[in-house]
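Enquirer: Make the complex out of the two chains shown on their own, each in a separate frame, by following the hints.
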Amino acid sequence: AQTVTQSQPEMSVQEAETVTLSCTYDTSESDYYLFWYKQPPSRQMILVIRQEAYKQQNATENRFSVNFQKAAKSFSLKISDSQLGDAAMYFCAYRSGNQGGKLIFGQGTELSVKP
Amino acid sequence: DAGVIQSPRHEVTEMGQEVTLRCKPISGHNSLFWYRQTMMRGLELLIYFNNNVPIDDSGMPEDRFSAKMPNASFSTLKIQPSEPRDSAVYFCASSSTGYGYTFGSGTRLTVV
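Chain order of the listed sequences is Y and R.
Quick note: the first sequence uses my numbering, first residue 1087, plus one each step.
Quick note: the second sequence uses my numbering, first residue 34, plus one each step.
Bound-form chain R, shown alone (with noise of 0.2 Å):
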């Protein structure tokens, strides 16, 4: 198994730009979770879905974040407009029974 894949691992764009992170969960997996890293915050759940469907996206931190799930096999969170309070590392991960947690490698993001 390739794990849960992360794409692209570095992004880096302008303020104003639109975003768009990709992950691939572990096949069988029905839960996703979409979490952001900084210094300041630590780790922050953004979003998770389970079976495709959201369950929580109260850590989206407003409008400019949406994210996507349209199918058991991929998922994006998108940032439109960007802005550089946006640099992060953002990490998907995915889980079968909540027992167990599987991360991606993260994408780090850097808006200029």
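Only chain Y is shown next, with the shape it has when bound in the complex (with noise of 0.2 Å):
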């Protein structure tokens, strides 16, 4: 079964500065699908940005980034130029390459901005 490992529960970073948010997976499976969500006190689930397996060029979306190490099964999130609306929960998914799979979320990283 395929697993999403986020080993940091909560981080922080100040205003302007770039953070990076950890996620790691496990699964035999050569196609598939990652997903960084952000979740803030809102609690609405939004999605951040989204990699495939079989594109070796990272995914970008204005300030956020990935870093996707398919070999090492790591996949992180960084944020440049934190604002203060990022402060939010993040959580990492994966999803099989079958068409209509389940999500299979970490277990998140709560991330603070501090001004």
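Rather than coming from a laboratory, the hints here were simulated on the basis of the structure.
Incorrect hints may have been included.
[Stated by the list, open to error] Only some residues are given here: those of chain Y computed to face chain R with a beta carbon under 7 Å:
1. Arg1129
2. Gln1130
3. Met1131
4. Lys1188
5. Phe1191
6. Gln1193
Backbone N, C-alpha and C fix where the C-beta goes; we use that ideal spot for every residue, glycine too.
Expert: Pasting the structure below:
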């Protein structure tokens, strides 16, 4: 069975600085997708970024980028120029390549941003 | 598009009562997922449907939980009888290709 591990329960960053959130996963599949979701205090789950395993190029969305290391089964999220609005719980998630598959989530990392 | 719509947003009920949570997925999405979020266990998949058919219900805690999807635009999650340990936030999500998932705002259930 696939598992997702986020080893940092909490992280803190100074406003305008850069922070990296870690995620590792375990799978025997070669075809899969990886996601980062943000959950602010409003509890809404917001997709931040996604990565297809078959793509070697790391995904980027504005200030958010990932470092996808397939061999190491690592999928970290880098937030550049951190803003107060980035403060939230961040979840890493895995999805098998089978169409319609379920998302498997990590435990989450609580990110605080200091002004 | 209004997104995934869940109701109610909050529910407080007494132990032993029946609780029904509702979800309207995004039109055109053929997969629907029910998740439960607690501090202790994080985000757990309870059940998911493809084309209105339940595919994996291995996450449903016990027989007190049941889920239905009578048509492509509506799903329910029912707990009968409810217990205090069922208190959690319940999310519904839908997807069309499995590449993007849209979550509803969740229902915060409190069983006293």
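Enquirer: Run every hint past the structure and note whether it holds.
Expert: Evaluation of the provided hints:
1. Arg1129: Nearest chain R Cβ about 5 Å off; hint holds.
2. Gln1130: For Y/Gln1130, the interface hint holds, since the closest Cβ of chain R sits about 6 Å away, which is under 7 Å.
3. Met1131: Status holds, d = 4 Å.
4. Lys1188: Holds, because the Cβ-Cβ distance from Y/Lys1188 to chain R comes to roughly 5 Å (cut-off 7 Å).
5. Phe1191: With a minimum Cβ separation of about 4 Å from chain R (threshold 7 Å), the hint on Y/Phe1191 holds.
6. Gln1193: holds (5 Å)
Comparing the model with each numbered hint stated earlier shows that all of them hold.
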